[in-house]
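Line order of the protein sequences matches chains A and B. Residues in the first sequence are numbered consecutively from 10, following the numbering used here. Residues in the second sequence are numbered consecutively from 14, following the numbering used here.
Any given hint might turn out to be false.
[What the hints assert, rightly or not] The calculated DSS-like cross-link candidates involving lysine-lysine, where the alpha carbons are at most 27 Å apart (straight line), are:
no.: 1; chain 1: A; residue 1: Lys169; chain 2: B; residue 2: Lys613
no.: 2; chain 1: A; residue 1: Lys313; chain 2: A; residue 2: Lys269
no.: 3; chain 1: B; residue 1: Lys41; chain 2: B; residue 2: Lys142
no.: 4; chain 1: A; residue 1: Lys32; chain 2: B; residue 2: Lys188
no.: 5; chain 1: B; residue 1: Lys129; chain 2: B; residue 2: Lys28
no.: 6; chain 1: B; residue 1: Lys142; chain 2: B; residue 2: Lys37
no.: 7; chain 1: A; residue 1: Lys309; chain 2: A; residue 2: Lys320
no.: 8; chain 1: B; residue 1: Lys124; chain 2: A; residue 2: Lys16
no.: 9; chain 1: B; residue 1: Lys35; chain 2: B; residue 2: Lys142
[What the hints assert, rightly or not] Footprint (simulated), chain A over chain B, 3 or more residues, beta carbon under 8 Å:
no.: 10; segment: 40-50
no.: 11; segment: 146-159
no.: 12; segment: 365-371
no.: 13; segment: 389-403
no.: 14; segment: 612-623
[Unchecked claim] Pairwise CB distance ranges (calculated):
no.: 15; chain 1: A; residue 1: Pro114; chain 2: B; residue 2: Ala278; range: 38 to 46 Å
no.: 16; chain 1: B; residue 1: Asp272; chain 2: A; residue 2: Tyr84; range: 53 to 61 Å
no.: 17; chain 1: B; residue 1: Ile50; chain 2: A; residue 2: Thr15; range: 24 to 32 Å
no.: 18; chain 1: B; residue 1: Pro283; chain 2: A; residue 2: Thr310; range: 24 to 32 Å
no.: 19; chain 1: A; residue 1: Glu49; chain 2: B; residue 2: Arg174; range: 46 to 54 Å
no.: 20; chain 1: A; residue 1: Asp201; chain 2: B; residue 2: Pro283; range: 25 to 33 Å
no.: 21; chain 1: A; residue 1: Arg46; chain 2: B; residue 2: Lys552; range: 38 to 46 Å
no.: 22; chain 1: A; residue 1: Ser18; chain 2: B; residue 2: Arg231; range: 49 to 57 Å
no.: 23; chain 1: B; residue 1: Ser285; chain 2: A; residue 2: Asn132; range: 20 to 28 Å
no.: 24; chain 1: A; residue 1: Asn132; chain 2: B; residue 2: Ala278; range: 31 to 39 Å
Keep in mind the hints are simulated off the structure, nothing from the lab. For every residue, glycine included, the Cβ atom is placed at its ideal position computed from N, Cα and C.
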Amino acid sequence: MSGTVTKESIRLIAKQHQIPSVKEEVTAALAPDAEYRIREIIQEATKFMRHSKRGILTTEDVNHALKLRNVEPIYGVQSRDDSHGDPDREVDFNEIINAQMPRIPRDCTMSLHWLAVEGVQPNIPQNPPSDQAELSMKKILKNSSGKTLVKPLVKDVLSKELQNYYERFTKAMQDREDDSEVDKFLSDLSTDPSLAQLLPYFVEFISDEVTASLDSLKILRRMLNIIYVLIHSPYLFVEPYLHQLMPPTLTCLLGKSLGKEDEESSDEQWSLRQQAASILQQMCRRYGDAYRSLIPRVTKTLLKAFLDPQKPLTTHFGSIEGICALGSQTIELIILPNLPSYLQGLEEHLTASNSSKQIQARKCMDALLVRLF
Amino acid sequence: QKMSGRPEESRNYEKIVLNYLKTKGYLKSESAFRDEIAARAGDEGLVAEMRVNTSNIVTAHNPNESLPDVYADSYVTFRDWVHSSLDQYQHELNAVLYPTFVHLYLELVAKRFTEKAVEFMERFGGEFKSEYATEIAELEGVTTIDSIKESEVAMTFRQNRYILTLTNFAYDLLKDFLHHNNLMTLLALINKYFTIRPSKNSSNGKFSQAEMTTLGNRDVYWGLYVEQIPRKATYTAAEEKAMDHKSPNPIPKIPEAEDKMLRDAEHRVPLSATSLPSICFYTLFHTHQGLTCIDMSEDASRVVGGFDDSAIRIFDIAECQVNGQGKRTRNEASPYTSTDLRAHSGPVYSTAFLGNDWFLSAGWDRTIRLWNVDTQTNLVAYRGHNYPIWALAVSPVSSFLSQFASNGSAAVNTQIGSLSSPILGGTAGGSQAPSFFASASHDRTARLWSTDNIHPLRIFAGHLSDVNTVQFHPNGNYVATGSTDKSVRLWEVQTGQAVRLCMGHVAGVSALAFSPDGRILASAGEDYVINLWDLSTSKRLGSLLGHKAVVNSLDFSADGTLLASGSSDGTVALWDWDSKRPQDKEDTPDDASVSHQLIKSFSTKKTPVFQVKFTRRNLLLAAGPFDQGHS
């Protein structure tokens, strides 16, 4: 026949089972017959495999096929441990009893997700990542040498347009001379929903910029304006980034020395701090309910700044503005109890020789007066 | 059987036989024998088989045992062997069977065994009537030697050699079979009248042409029968009173189920190549490669899965969301749990929902079981098959329609009716009208069942190999089956007869779907191709290529514009099956691997897709197990 099972194989099998020399005709008759039967069993077993929707033929399938043909199934080939079929194997009962229990397999569960919404596959964790991200992951894995374990980063892919936009945006914001572009970008931020993809980058830019440009009030003001626009934009979802927007705002509010050490900027810094305080107020008002720890944490920071006599007066001014911005209840709780001791400390500064310090102290006084009365 | 080891003896024995035949006057057999020896002179295998005991040959030609009986017995043995041979070679060997039958019949007629010939024809001719109706009819008229000369068909057969092409393996199988069973008469016959050309490749499409045309001539009705159309509802006296009679046309009461269907049709999302559906995916975790089938209920709130270890699990989404206080407190991230049901004694290969509260399951243990979801019990076991059941399908003719049809003479479902309780939501009449379902099995048949009878109502037999999948036509009057013999057949429910045969797949058929208007049938198979068939002509309208693994499930959208397919390569594909090739692309050759009708393919994370289903509102549901290495 087709010769897959040859007479040679039959002869070898006979030898294995200690059957003395087999005649030529016997092997010739057995070989095609054996082959046909093997084909039959394989055909039936593949049917079971197909209907279990698998691609791998298992011992279960072959046993089902044998059972179907009224042949005894082959025992002892289920488990990984092949030696079960060996009749001479000796097993120690104690060993089995004292052996560790195998792990219980987890129960079957089901979950739902949207594979597509109106024909578009959403980028949720249950769906496979988009093709480009996969390719970049593969590249990272290829480049890493065998020893180091490189964990692939989840790469975000921005279109060229967005990248360009981001660059122009940062350039314009960092430009200390030119003011013209800034307004345009700010209006873009408040009206264009497609910039949402750049939001994390914007937020990072703001915090970097604030720490880098503490001496330029203009830039700080711009940053505060950006934060204002971000909070108030109907299209941008800033809640995940609140924790990143707080530090720059608080820096603008409580910073030791904002702006250069000269006359004109010293006036401006007060208005800057007031602006920061009002932004803080808006943030707390909007998100205070959703994040219950937000307001207490902010208040704590402000309180610490207020009560610390070591901190410079500018900080005090900022903290006063901040606390007052948070509402009358906060004022009652925090400032009023500490007022006498604070005023005492302030007295010294008011009468101090240092003019700048005097100005600062006076500012604090004014702030308190304005707010409390 | 005495086996001699020396070649000289065999040649001697040949001479003995020839002499015997000559002396006894069996001229024909002698010449046949001589031909045979001449033809196989150089054949090693044959020479080995020729060492047959002389006495055996004598009995074979014993005048006491008449020639017709020898013919009949040989034919029976041959036929049984062909039917039980390997699936791969079924088509080819069946092709040998018909000419063998004809030649044996004509031999009997030629030897003047007229009565026996008629008996022979009656006994064995029936199975060829569907394929070769005209030839058989003519041959039935040929009963004497003279009529042979008058009949064209008979003369063609006797004068020309019948040419057959078989693959090498099939040819060897045939040869060995005939030798082992000493069917000398058949061997002689084949030598005289047949030319068998062994070839390397198999040519499947060429077979069954005759059958296709015969079946194709039968009528298939795509609409409803007159009796099926629901008659006007009759109202009770109380209802009549309650109705407002001032208006000339009182508004008829719409039964709840129909009302629901109308509302679904209203809210249906229109789909097209540009307006794609949303796909909700059900993923089953930790199935340990044991999941074999999934089905979703009509309202998409319940999922039932059948497993290799004979377990059936129901996931009820609505239930999981409500805890003790009746509040929805299920955490968004936590997965749904299931209840584990056991009743089968082997792997469960198919599950199907009947409405929202009932489902059927079938598998290895040859039974089909009806379950109720609310009580989580197995109520009925349907028995009839003798071999594992591969697939189930539920008739779209739902119970409320059949209620109208059987108005008055309630088809009282005694088994289920007696259990009728608030859980069943029985109708005002107190009886649940039966639903119909069909099963496809390894025993090469599909059977039709009704929920109120344990035994099948119809058997659809005719496939050459086991039936892998079954589906109902939207009008509920026809059933389509797909099989490992690479054909798709359409059967009439009322009579059980085959009405269409569609050949064209290169491997077994694993999934079927009817378009909602009932004119198109889509079939997909293990050759990864989806074929579309026009039911009126049983011609293939087109093939959709693109999948890289077996296609497990097909479904048309509720308005018939899109076709969705789910495959083991982990993708759900949407096809605009009706689209024409765009004008500008007509010159460029079609991309060999992906059809232009593929709109989009959505891939999952390593989850082979077992089932896709459109709800009536055109939301696409898909389900599969998440298993590493489940390919």
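Structure-based check of all given hints:
| no. | hint | result |
| --- | --- | --- |
| 1 | A:Lys169 x B:Lys613 | holds, 26 Å |
| 2 | A:Lys313 x A:Lys269 | holds, 26 Å |
| 3 | B:Lys41 x B:Lys142 | violated, 31 Å |
| 4 | A:Lys32 x B:Lys188 | holds, 23 Å |
| 5 | B:Lys129 x B:Lys28 | violated, 32 Å |
| 6 | B:Lys142 x B:Lys37 | violated, 39 Å |
| 7 | A:Lys309 x A:Lys320 | holds, 15 Å |
| 8 | B:Lys124 x A:Lys16 | violated, 44 Å |
| 9 | B:Lys35 x B:Lys142 | violated, 40 Å |
| 10 | 40-50 | violated (count 0) |
| 11 | 146-159 | violated (count 0) |
| 12 | 365-371 | violated (count 0) |
| 13 | 389-403 | holds (count 3) |
| 14 | 612-623 | holds (count 7) |
| 15 | A:Pro114 x B:Ala278: 38 to 46 Å | holds, 44 Å |
| 16 | B:Asp272 x A:Tyr84: 53 to 61 Å | holds, 58 Å |
| 17 | B:Ile50 x A:Thr15: 24 to 32 Å | holds, 28 Å |
| 18 | B:Pro283 x A:Thr310: 24 to 32 Å | violated, 56 Å |
| 19 | A:Glu49 x B:Arg174: 46 to 54 Å | violated, 32 Å |
| 20 | A:Asp201 x B:Pro283: 25 to 33 Å | holds, 32 Å |
| 21 | A:Arg46 x B:Lys552: 38 to 46 Å | holds, 40 Å |
| 22 | A:Ser18 x B:Arg231: 49 to 57 Å | holds, 51 Å |
| 23 | B:Ser285 x A:Asn132: 20 to 28 Å | holds, 25 Å |
| 24 | A:Asn132 x B:Ala278: 31 to 39 Å | holds, 33 Å |
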